[in-house]
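Protein chains in written order, with my numbering: chain A, 79 to 378; chain B, 79 to 378.
Please keep in mind that the hints were generated in silico from the structure rather than gathered at the bench.
For glycine and all other residues, C-beta sits at the position ideal for the given N, C-alpha and C.
Treat the hints with caution; some may be incorrect.
To be verified - A few chain B positions that, by computed beta-carbon distances, are all more than 12 Å from chain A:
1) Asp99
2) Ser243
3) Arg296
Said to hold, decoys possible - Okay, the calculated beta carbon distance ranges per label pair:
4) Pro304/B to Glu215/A: 28 to 34 Å
5) Glu366/B to Gly132/A: 27 to 33 Å
6) Arg244/B to Lys131/A: 31 to 37 Å
Number of protein chains: 2
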Amino acid sequence: MRPDPQFVAAKPQENAIAINDSIAIICGGGAIPGAVAEAVMRRGRRPVMFAVKGWADPQIVGRYAHHWVALGQAGRFFRLARAERCREAILIGTLVRPPLAQIRLDWKAIGLMPRIVRAFAGGDDRLLSGIAKLLEEDDLRIVGVKDVAPDIIVPEGMLGRYQPSRDDRADIARALNLIATLGPFDVGQAAVVANNHVLAVEAAEGTDNMLARIADLRRQGRVSTPERTGVLVKAPKPKQDRRFDLPTIGPQTVANVVNAGLAGIAVAAGDTMMADPAEVIAAADRAEVFVVGVAEGKAQ
Amino acid sequence: MRPDPQFVAAKPQENAIAINDSIAIICGGGAIPGAVAEAVMRRGRRPVMFAVKGWADPQIVGRYAHHWVALGQAGRFFRLARAERCREAILIGTLVRPPLAQIRLDWKAIGLMPRIVRAFAGGDDRLLSGIAKLLEEDDLRIVGVKDVAPDIIVPEGMLGRYQPSRDDRADIARALNLIATLGPFDVGQAAVVANNHVLAVEAAEGTDNMLARIADLRRQGRVSTPERTGVLVKAPKPKQDRRFDLPTIGPQTVANVVNAGLAGIAVAAGDTMMADPAEVIAAADRAEVFVVGVAEGKAQ
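The whole structure should be built from the sequences, with the hints applied where relevant.
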């Protein structure tokens with residue numbers, strides 16, 4: 079059997095890392111951790127799921143090598159990651175701030191506590207960056223989705239058959255501008271703008287709840303823009319560490335956008351994850367809504 | 079009977095206007111139009127309610143001289159306001175953008191249409207300022223609550239027995255800063271911040287819905303800050319015309335804040351209306367939450 083020609087030109091040391099190394103996938107909730115694991119395997123690497131109790135989906139993590147860890151079991155995580163020969167780790171999936179009762183501290187975590195508390199006092203950005211810094215001290219490199227699973231990142235341009243109108247493009251620009259402006263407050267990876275009117279700004283509730291709210295307001299006659307007007311826009315906060323917490327869309331997002339009576343979805347190209355690209359595009363085409371990846375700084 | 083000494087010093091012409099003139103109260107929904115009418119009468123003036131069909135509360139407007147008008151009946155409104163000798167008008171109460179089907183245009187309104195459409199294309203601020211400009215061309219002066227009913231405006235300082243902690247004050251400052259930052263987007267007269275974390279930003283849904291959302295998220299375990307942490311903050315948008323659409327609180331706001339597990343309410347002193355001050359304060363004291371009027375620029 080001949081070696082894959084793609085790898086022949088690479089230096090042997092790089093090959094060894096790229097093909098043989100396991101990668102620790104620290105899994106929060108939602109479908110994205112599974113999409114990342116699949117993308118990692120397509121690139122010839124071995125995913126090891128570290129499923130966070132209370133958040134990760136057992137159905138998803140069960141398909142791969144996996145360990146369950148409670149939040150706070152830092153010692154257990156490092157021991158297992160070393161045993162599994164993981165030299166890189168990725169934090170992925172939803173993990174909203176947990177009630178303190180769900181946290182199980184082991185000795186390692188207790189030692190790290192003062193710094194974790196400091197990280198918690200900031201917004202989500204600082205929390206994640208703080209945790210990453212702690213992990214990296216243990217010789218584990220924290221990588222982002224773009225490094226290990228670039229094929230689930232939304233590219234620039236139209237994803238389906240439908241495209242935004244001129245008015246939609248103005249709404250997209252306004253929403254991107256709003257999200258950028260909110261950056262210092264560590265809030266708002268998403269907003270809904272319709273005919274230049276900001277209908278919703280996302281904070282702790284998440285995108286699905288925000289879209290359900292628009293659907294409710296519309297039923298109550300409190301949204302006066304006609305059906306099929308307005309855009310859901312998702313983009314990372316301007317200064318966030320792009321290794322974590324990228325905005326995400328999936329087939330459910332399309333269904334919710336249709337239910338909310340919007341015209342389409344625009345996301346930051348290169349910085350947004352898509353859980354099931356083929357199904358997102360098929361659902362959008364069926365419902366005649368657009369899905370577009372917008373290059374940052376090129377909104378209009 | 080001796081004349082009220084307060085008025086003796088005033089010029090006769092000012093007296094005549096202050097005491098005898100009727101004031102047109104163009105009434106949207108909620109309890110505030112009634113509170114304004116009461117405050118107007120306490121100052122010796124006569125309120126004439128112009129109740130907007132579909133929005134104004136018949137129970138409230140029925141207590142005063144009143145006429146029902148549909149949105150778009152500009153000619154009817156001007157004719158009646160002239161017959162009632164109103165030289166000033168105030169726009170008050172909730173009036174979210176109406177579905178087009180509810181609008182009944184008369185000839186006067188059709189003549190004004192091009193400019194109304196232009197006003198509609200902006201945010202709520204421009205819509206209200208645009209309508210005010212049209213009204214003023216017909217020799218009707220548009221006044222604000224502060225001009226005619228200053229006793230329903232929240233003053234600076236603590237309103238009840240409880241006061242914000244140091245952490246609450248930091249949350250208040252962050253929320254005021256957030257609302258100011260959102261100004262250019264004509265959105266967000268309210269936000270909820272808890273332990274430096276922005277839980278919600280108000281857009282089209284209104285304050286009651288926003289607070290219900292926090293209560294829901296808390297029940298679902300998605301708000302990790304302890305009970306009695308976090309502040310509802312309301313303040314006008316920085317550039318808004320202070321004659322219109324001032325933020326409002328009432329007894330229901332206190333009930334919703336308690337239900338959302340927050341510590342209190344902070345509003346912009348001098349720029350926020352209070353529907354039923356005595357009941358707001360009694361409800362806040364009973365629930366042990368604070369209500370504070372914060373001078374703008376003095377948040378910390």
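For this structure, which hints from the list above don't hold up? 3
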